[in-house]
Structures are given as structure tokens and as C-alpha cells.
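Take a look at the letters that make up each chain.
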Amino acid sequence: MIAFVLLLCAGMPAGAELVRQGDLIVAFDGGLRPKELPRTHAVPVAVRVGGDIRDAGGNQARLPQLRTIAVAINRAGRLYDRGLPSCEVHSIQPATEREARRVCGPAIVGTGHVTLQVRLPPQEPFAVRARLLAFNGPREGPRKLILAQVYAEDPPGAFVLTFKVSRGKGLFGTVLRTALPPEARNWAYLTHFDLTLNRTYSHRGRARSYISAACAAPAGFSGAVFPFARATYGFDDGRTLKVTAVRSCRVRGGS
Amino acid sequence: MRFTRMIGGGARVMLLLTAMAIAAPVAFAAELSREEYRARVEPICKANTEANRRIFKGAKAEVRAGELKRASKHFTRAADALDKTIVQLKAVPRPTADEARLARWIGYLEAESSLLARIGRALAREDKAKAQVHSVRLNRNSNLANNSVLGFAFEYCRIDPSRFV
Numbered sequence: 001m002i003a004f005v006l007l008l009c010a011g012m013p014a015g016a017e018l019v020r021q022g023d024l025i026v027a028f029d030g031g032l033r034p035k036e037l038p039r040t041h042a043v044p045v046a047v048r049v050g051g052d053i054r055d056a057g058g059n060q061a062r063l064p065q066l067r068t069i070a071v072a073i074n075r076a077g078r079l080y081d082r083g084l085p086s087c088e089v090h091s092i093q094p095a096t097e098r099e100a101r102r103v104c105g106p107a108i109v110g111t112g113h114v115t116l117q118v119r120l121p122p123q124e125p126f127a128v129r130a131r132l133l134a135f136n137g138p139r140e141g142p143r144k145l146i147l148a149q150v151y152a153e154d155p156p157g158a159f160v161l162t163f164k165v166s167r168g169k170g171l172f173g174t175v176l177r178t179a180l181p182p183e184a185r186n187w188a189y190l191t192h193f194d195l196t197l198n199r200t201y202s203h204r205g206r207a208r209s210y211i212s213a214a215c216a217a218p219a220g221f222s223g224a225v226f227p228f229a230r231a232t233y234g235f236d237d238g239r240t241l242k243v244t245a246v247r248s249c250r251v252r253g254g255s
Numbered sequence: 001m002r003f004t005r006m007i008g009g010g011a012r013v014m015l016l017l018t019a020m021a022i023a024a025p026v027a028f029a030a031e032l033s034r035e036e037y038r039a040r041v042e043p044i045c046k047a048n049t050e051a052n053r054r055i056f057k058g059a060k061a062e063v064r065a066g067e068l069k070r071a072s073k074h075f076t077r078a079a080d081a082l083d084k085t086i087v088q089l090k091a092v093p094r095p096t097a098d099e100a101r102l103a104r105w106i107g108y109l110e111a112e113s114s115l116l117a118r119i120g121r122a123l124a125r126e127d128k129a130k131a132q133v134h135s136v137r138l139n140r141n142s143n144l145a146n147n148s149v150l151g152f153a154f155e156y157c158r159i160d161p162s163r164f165v
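These protein sequence lines map, in sequence, to chains A and B. Residues 1 to 255, numbered by this note's numbering, are exactly what the first sequence covers, in order. Residues 1 to 165, numbered by this note's numbering, are exactly what the second sequence covers, in order.
Each hint should be verified, as a subset may be incorrect.
Stated by the list, open to error - Lysine to any residue pairs mimicking SDA-like chemistry, simulated, CA-CA at most 25 angstroms apart:
{"hint": "1", "chain 1": "B", "residue 1": "Lys73", "chain 2": "A", "residue 2": "Gly220"}
{"hint": "2", "chain 1": "B", "residue 1": "Lys57", "chain 2": "A", "residue 2": "Gln21"}
{"hint": "3", "chain 1": "B", "residue 1": "Lys57", "chain 2": "A", "residue 2": "Gly168"}
{"hint": "4", "chain 1": "B", "residue 1": "Lys46", "chain 2": "A", "residue 2": "Ala179"}
{"hint": "5", "chain 1": "B", "residue 1": "Lys60", "chain 2": "A", "residue 2": "Val243"}
{"hint": "6", "chain 1": "B", "residue 1": "Lys130", "chain 2": "A", "residue 2": "Gly31"}
{"hint": "7", "chain 1": "A", "residue 1": "Lys242", "chain 2": "B", "residue 2": "Lys73"}
{"hint": "8", "chain 1": "A", "residue 1": "Lys164", "chain 2": "A", "residue 2": "Asp194"}
{"hint": "9", "chain 1": "B", "residue 1": "Lys60", "chain 2": "A", "residue 2": "Ala214"}
{"hint": "10", "chain 1": "B", "residue 1": "Lys60", "chain 2": "A", "residue 2": "Gly77"}
Bear in mind the hints are in silico, worked out from the structure with no lab data behind them.
Looking at chain A on its own, in the form it has when it is part of the complex:
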């Protein structure tokens, strides 16, 4: 049993923060690229976030269903979408990945992967790895939306995760929240996701980035260790697990 847990941890991404509650283990990983950034003004970055869900006993078939994900990013990271084309849900659902790229390509803000365990009785559960394409979505009131198309080729299937972006006060300034859509609730058990946001574009003759960050180290320090992001996973059995990822950055040009 002990060896098993070790093996499971070995299967989790190296460097990921892990939390366990009962037999449920969740991991959260991510980071910024580049790691070397100016101290005061934000520059274009790629932000990667990812998570894994595991059963401590290795029995993935008894995993509860992940229903909600909230990823709160440190306030040093800022989203900017002015001048960036947006995409509507009906343009990418139903659609293949190729169609979604063709119709909404200019609105792509990131890419990633999702692994799902498909449970469709009386079939045995099986795993599906799907691509994830993130599009700049329309606004819902004051909130930005990110539409993440999850598309699998074999067997073919797709759904859209709608991330609502909110600005908050405090350490984690930008929060991305999504819920498993109702049409996926009777079969999709998410066991892995990763998403990298990294879109640069030009608007009114100026270079822009969908996501930018600075390395807000105190004066005189050539770097900082900071709470990069916090993930909150909500499951259908009522459990909620929170994981905070702490990362470091360096100030461009030293101190």
C-alpha cells in the first residue's frame, strides 16, 4: 500500500503540489515562462496551469467526478484582451478541432490537454486523451470568458468548458472558474488537465499580450518566491480540495 502510494506520486508531475483527502489525491502544477521578468512593468508571458486527480488505491474507476475548477492566479499576472477577436460557443460546439481553428483561429489564446475517464455503462470505463483549445470568449456582463474546447479524435467527442474570469482583491487577482457542462456529467470523469495561455497580438500598431506579468521582488532582491496560483477542485461527492503552487521568478538584469 505504501509502495503503491509512492508509485502514484511518481506518476504525478514532478514538482507539482499534492493534497490528499481520504483516498482522493489532487495535484496542481504550473508556472511562468520566461522566469526572468522586469521588476515593475508587466511583459508578455506564457502561463501554464495543470492538475491531476488520482485515487490513492489506484482504482480510478471509483474517482468522484470533478465538477468545478477554479484557478486563482497571483495578481502580478494580468489578462488583456482589448482588440483581440472573440469567439462564441456555437461557433466551436459542435465542431471538430479543425473546424474550431478555422472559424475562431484568431481568437485562440492557449492550448492544452485533458484526460478523461469515460464511464458509459455497461461498457468498461476507458481513458481518452483530448486536446484543449482555449478561445477568447465574449463578455458576460463585466466578466471575460475563456471558452475551452475539449476535443477527442478517438472516439470522437467534444464539449466546451466555459471559464469565467473575475478580478478579485488580495493576493490572487485573477480567478478562472469553470464547471463541467451538464451534457458531460453522465460520462466524463476528468483525471488530468493542462492549459498554457500565451497569446501575443497587435492592436492599433502596438504589440499586446493576452497575459503579462512582472517579477515583483522587493527592492534590492534579484528574485522572489511567490504564491503563483491556487487551484480549488470541487467534486460531486461534496469534497473541495485546495492546492497552492509556489514558484519563483528572477528580476531581469539582476537586482
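Position chain B relative to chain A; hints supplied.
Same frame as chain A, now just chain B:
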């Protein structure tokens, strides 16, 4: 005389057996399950977590304001508090099957305390580069500590490195 000795030897054997019979249940009683171990150590860690909340109050602002000598005291106090916690944790009997794992965990906690103290000393010397290097190590060590005892599903005995940074 020989007979007496034999009786004496037999009595010693009996005494030894009696002592073993008494000691055995005590030994079994000391054997804890993971759940029992968790129940014993979580209040100890909770007290440390709450102490850290008080200890680190104002630390970030002081570092930002460049008051490094003042900020260093938070880390030194946190190291002292963690040392005391480690002594208490060491006194709790460990489940036999988890002996090695928990010994490793305690080792990580000792490293945590050492790194907190080093950060404190570096800040006191206003050696920002060293303080930073130790902060990165502290974060890495916290992850190793947490992952080594994942099976215990600790709440308070999980190190939250975000409180130090």
C-alpha cells in the same frame, strides 16, 4: 544450595515472563494506526500554524520596506517555534509501518527549521542574495515534506509555504 539456585533461576524466568506479559499489552497499546497518529500530531501542528500566523504578521511589509533586520526576527522566531514543534512531534509514537517515512518527514521539518533560521540570519546581515537562495530551497523542501506524508492526509501538518513568501 543448588536447588535454591534452581528455584532462584526459575523465579527469575517467571519474573521475566510476567514482566513480558505485562509489557506486551503496553507495547501493543503504544502501536498507533495512521489515523491515531494523525489525531495525535494534528493539534501539535495546529498550534504551530497559529503561532506562525502571529509570528509572520508584518514580515512581508518589512521586507518590502527594506527593514531586513526587523524582518529577520520573524524567521528566527518561526525557526524556534518549529524546533519546539519538532520536539513534540518526535515524542509521539509512530506507526511501525510508517517509521521510515515519518523519520524522513521529521528530517524535512528539521531542514525547514534550519532554512528558516538561515533566512533569518541572511536578512539580519542584509544578505539579500542568500536569503533568496534559502527561500527557494525552503519552498522545495516544503513540497518534499508534504509529499512524503501525503498518505496521512494532514491538514495542519501540511506545510503551506505561501505563508512564508
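Checked hints:
1. B:Lys73 with A:Gly220: This hinted pair holds, its Cα atoms lying about 19 angstroms apart.
2. B:Lys57 with A:Gln21: violated, 29 angstroms
3. B:Lys57 with A:Gly168: With a Cα-Cα distance of about 22 angstroms, the restraint between lysine 57 of chain B and glycine 168 of chain A holds, given a limit of 25 angstroms.
4. B:Lys46 with A:Ala179: violated, 33 angstroms
5. B:Lys60 with A:Val243: Given that 25 angstroms is the threshold and the Cα spacing comes to 22 angstroms, the pair holds.
6. B:Lys130 with A:Gly31: Judged against 25 angstroms, a Cα distance of about 23 angstroms means the pair holds.
7. A:Lys242 with B:Lys73: violated, 30 angstroms
8. A:Lys164 with A:Asp194: Answer holds: lysine 164 of chain A to aspartate 194 of chain A is near 17 angstroms, not above 25 angstroms.
9. B:Lys60 with A:Ala214: holds, 18 angstroms
10. B:Lys60 with A:Gly77: holds, 19 angstroms
In the structure shown, a violation is registered for the earlier hints numbered 2, 4, 7, in ascending order.
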